[in-house]
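Student: Take a look at the letters that make up each chain.
There are 2 protein chains.
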Amino acid sequence: MKMDELARQVKESSIKLAAAGTELKNKALANIAESLNERKEEIIKANQEDLDRSEKENLPAPLLKRLKFDEESIADVVDGIQSLINLEDPAGKTLLSTELDEGLELYRVTCPIGVIGIIFESRPDALVQISTLCLKSGNGVLLKGGSESRETNRILTEIIIDASQKAGIPSNWAALLETRSDVNDMLKMDGYIDLIIPRGSNDFVRYIMDNSRIPVMGHADGICHCYVDDDADLDSAVKIVTDSKTQYVAVCNATETLLVHEKAAPGFLPEIKKSLDSKNVELVGCPKTQALISVKPASEEDWQTEYLDYKLSIKVVSGLDEAVDHINTYGSGHTDSIITRDTGKAARFMDYVDSGNVLWNCSTRFSDGFRYGFGAEVGISTSKIHSRGPMGLDGLVIYKYKLKGNGHIVEEYSNRSRTFKHRKLDRDFTL
Amino acid sequence: MKMDELARQVKESSIKLAAAGTELKNKALANIAESLNERKEEIIKANQEDLDRSEKENLPAPLLKRLKFDEESIADVVDGIQSLINLEDPAGKTLLSTELDEGLELYRVTCPIGVIGIIFESRPDALVQISTLCLKSGNGVLLKGGSESRETNRILTEIIIDASQKAGIPSNWAALLETRSDVNDMLKMDGYIDLIIPRGSNDFVRYIMDNSRIPVMGHADGICHCYVDDDADLDSAVKIVTDSKTQYVAVCNATETLLVHEKAAPGFLPEIKKSLDSKNVELVGCPKTQALISVKPASEEDWQTEYLDYKLSIKVVSGLDEAVDHINTYGSGHTDSIITRDTGKAARFMDYVDSGNVLWNCSTRFSDGFRYGFGAEVGISTSKIHSRGPMGLDGLVIYKYKLKGNGHIVEEYSNRSRTFKHRKLDRDFTL
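Those protein sequence lines, which keep their order, are chains A and B. Here the numbering used here runs 22 ahead of the position in the first sequence, where the first position is 1. Here the numbering used here runs 22 ahead of the position in the second sequence, where the first position is 1.
Hints are supplied without guarantee of correctness; some may be wrong.
Since the list gives no way to pick out one identical chain from another, each pair is judged satisfied if it fits inside one copy or across any two copies.
What the hints assert, rightly or not - In silico DSSO-like cross-links for lysine-lysine, where the CA-CA straight-line distance does not exceed 30 Å:
1. LYS49 / LYS443
2. LYS446 / LYS49
3. LYS446 / LYS261
4. LYS446 / LYS115
5. LYS310 / LYS38
6. LYS67 / LYS49
7. LYS90 / LYS333
8. LYS38 / LYS285
9. LYS67 / LYS78
10. LYS443 / LYS261
Please keep in mind that the hints were generated in silico from the structure rather than gathered at the bench.
Using the sequences and the hints, build the whole thing.
Tutor: Below, the structure written as structure tokens:
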């Protein structure tokens, strides 16, 4: 089927899905969970095909590991769906209610965005998480996964559509795209697709952002910082910085640059070097850092680099203001942490650092939808509008204004025969 | 000054403004109101220069009227600022608070977006409204007004910056752009500007949307509909449709297409024709409309046209479903109203019509920031993300996640020596 026809169908179904109640959506989710369990042998067989083919094509071992989708993975995604059923429906919430005048009532009510296009990496669990988040929030979805996992993606999509349809959800609410050219076609569908969430490499995300009129949410870079203040507890700082850098290096919320107050540097730098040396982290530093510990020099480029590896850049700063300036200049607005015992400095850091996640005395690795308690996430946004940080269900809804009147016309207010009351109602929307 | 330096300065100041408290921002607003009153003769003199020059340049009378900024206009904008002072600060509100684990607390707190670029028409009151909305919400702003009002814009901007600076707000939080080439430069400043709100013609707004990586909020078209159902009170329907079409034709929330249920058409169409004839509205209609009243034929193009004039297209439909389909196909997602006595049909219309404002038994002209009780508005958005409908203070904020810990690291949760609690706190952010 041609992409525009596919997108049109998903859009049409999304209008009906948007009006589906919580009970119906939860029933569909329960059906999906049940069906994934019932058909796990088919899933595992399809995944084995993907694994065999990818092995032949010499896919690197870490990627093969991410591609693997076995009985345990299925149990995990089924658990995830059960948690999702228990989360509050993000759609249909009344955010504001005002009596504009007698009989003229305004409500701001959350609703799904419409159709979401999601491009994700070769992890089959991502397909299940993303599509079920879209279903729970009432959105249609176009899914484009990695080609390595194509057989697994096909069977999973079939199961999800089939099981949700049996619960009464229109079958075309979700569709799977398979080729790279599908992605380029998708970027042109601004008549049908309301939001694109790309997950992948920096270059890929930037390409998407530059080549579509459709709004894009996500992040290109994750250049996260830890700032160790002169009022920091240094033992705690060593623990936090080590965790932020090394707990999992290949992810966007791993720390890439360490900023250290010049008064803390002589005591702290030798300690953090000891800790990071034990994890084989390569260190580069500014001249002041080099005067205190033996590291290679950091270049201007280092402050702008997301290593995603066992490597850390270090800069000694004159204090909080320079740290904030450095972060706002070189950071990517993702996640930054201050380590200090001074509450006032923590407050200033959290006010002035222009990032989606600002942390005090804890690891940058915490900024994540699961850890934040949102269930899964569709992505992490470094945008300044709509949704910031880990995007869970709340990031997948918008609102509409619903105004009910009783023959009200504007002319009567314009000629001053009537005036507005604008009285808060604090009432849920009902007709 | 070069645009990138100007934008950089506004960005820098916006970081400080973002941390300003409600009291300081309200003091600055009060200073601005006072200063506008004190310096009204300077303003009126500058405005007279604009009027004189524009008259010589043969600016059409309606535009001259909009350009005029006299003692009464100043009193109006000063009243507007007083109301704005009384509105709740949209920044610094805690939207969510969760205890992730003992001593590890997550808060989602609203904050300004950053720097807003606003391009607006030649109405000097718009400059005051927009800049004070930005100040109250804590955003820096780059203002580009029409060249006809350049002297008025200059003195107003000078007064606003001067008065806010005296209250302690950094002086570079606002800046005025004056030339068309400034607009093109502005579109490239994605490192400094976080959101662009263009107000103006369809073509202009589309141009902006297609030529910047910066997110754009606003609306290109306002193709609004009234649907008169077979269960409508026809007298009320005549009043509502007449108001929706004629109360002010040159605005985006005026109705452009009337949809009528085929059962209501024979009784309703002659009545609405009588009412609209008396206001000199030109009517075009589908063949079924033409069979009932004498109107010219409507073409496919008519359903896609925002007349902004005394002209209305009319289509007879088989019922609610066709009306909804027509609106979702040809509408612009702005404002659509159903006239019916049937609550169930009203609910379906409001669920299925994919527009920012869905109305029942009232005029489309109500969808407006002032009428909705938001004070003024920076624009009306037909976007599907971030903000929909009239954008007031709430549309100018986003949020950041603030996480406070006590030495917490992720490794302990990964190796299962600790587990997350995810307990709702229902508490305002505090350190």
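Student: Are the hints correct? Go through all of them and say.
Tutor: Do the hints match the structure? See the list:
In this assembly of identical chains, LYS49 and LYS443 lie within 30 Å of each other by CA distance solely across copies; the values are 27 Å between and 42 Å within a copy. For the identical chains of this complex, LYS446 and LYS49 are inter-copy neighbours only, at 26 Å across copies versus 35 Å inside a copy, given an alpha-carbon limit of 30 Å. For a Cα distance limit of 30 Å, the shortest separation of LYS446 from LYS261 across copies, 27 Å, qualifies, whereas the shortest one inside one copy, 49 Å, does not. Within a single copy, LYS446 and LYS115 get their C-alpha atoms as close as 16 Å, and across copies as close as 18 Å, so both meet the 30 Å cut-off.
Taking the shortest Cα distances, LYS310 and LYS38 sit within 30 Å of each other only across copies (29 Å), while inside one copy they are farther apart (62 Å). Within a single copy, LYS67 and LYS49 get their C-alpha atoms as close as 27 Å, which meets the 30 Å cut-off; across copies the closest is 68 Å, which misses it. Taking identical chains as interchangeable, the C-alpha atoms of LYS90 and LYS333 lie at most 30 Å apart only when both belong to the same chain, with a minimum of 28 Å there against 62 Å between chains. In this assembly of identical chains, LYS38 and LYS285 lie within 30 Å of each other by CA distance solely across copies; the values are 26 Å between and 61 Å within a copy.
In this assembly of identical chains, the alpha carbons of LYS67 and LYS78 lie at most 30 Å apart only when taken from the same copy (17 Å versus 80 Å across copies). For the identical chains of this complex, LYS443 and LYS261 are inter-copy neighbours only, at 22 Å across copies versus 57 Å inside a copy, given an alpha-carbon limit of 30 Å.
Hint compliance for this structure: every hint is met.
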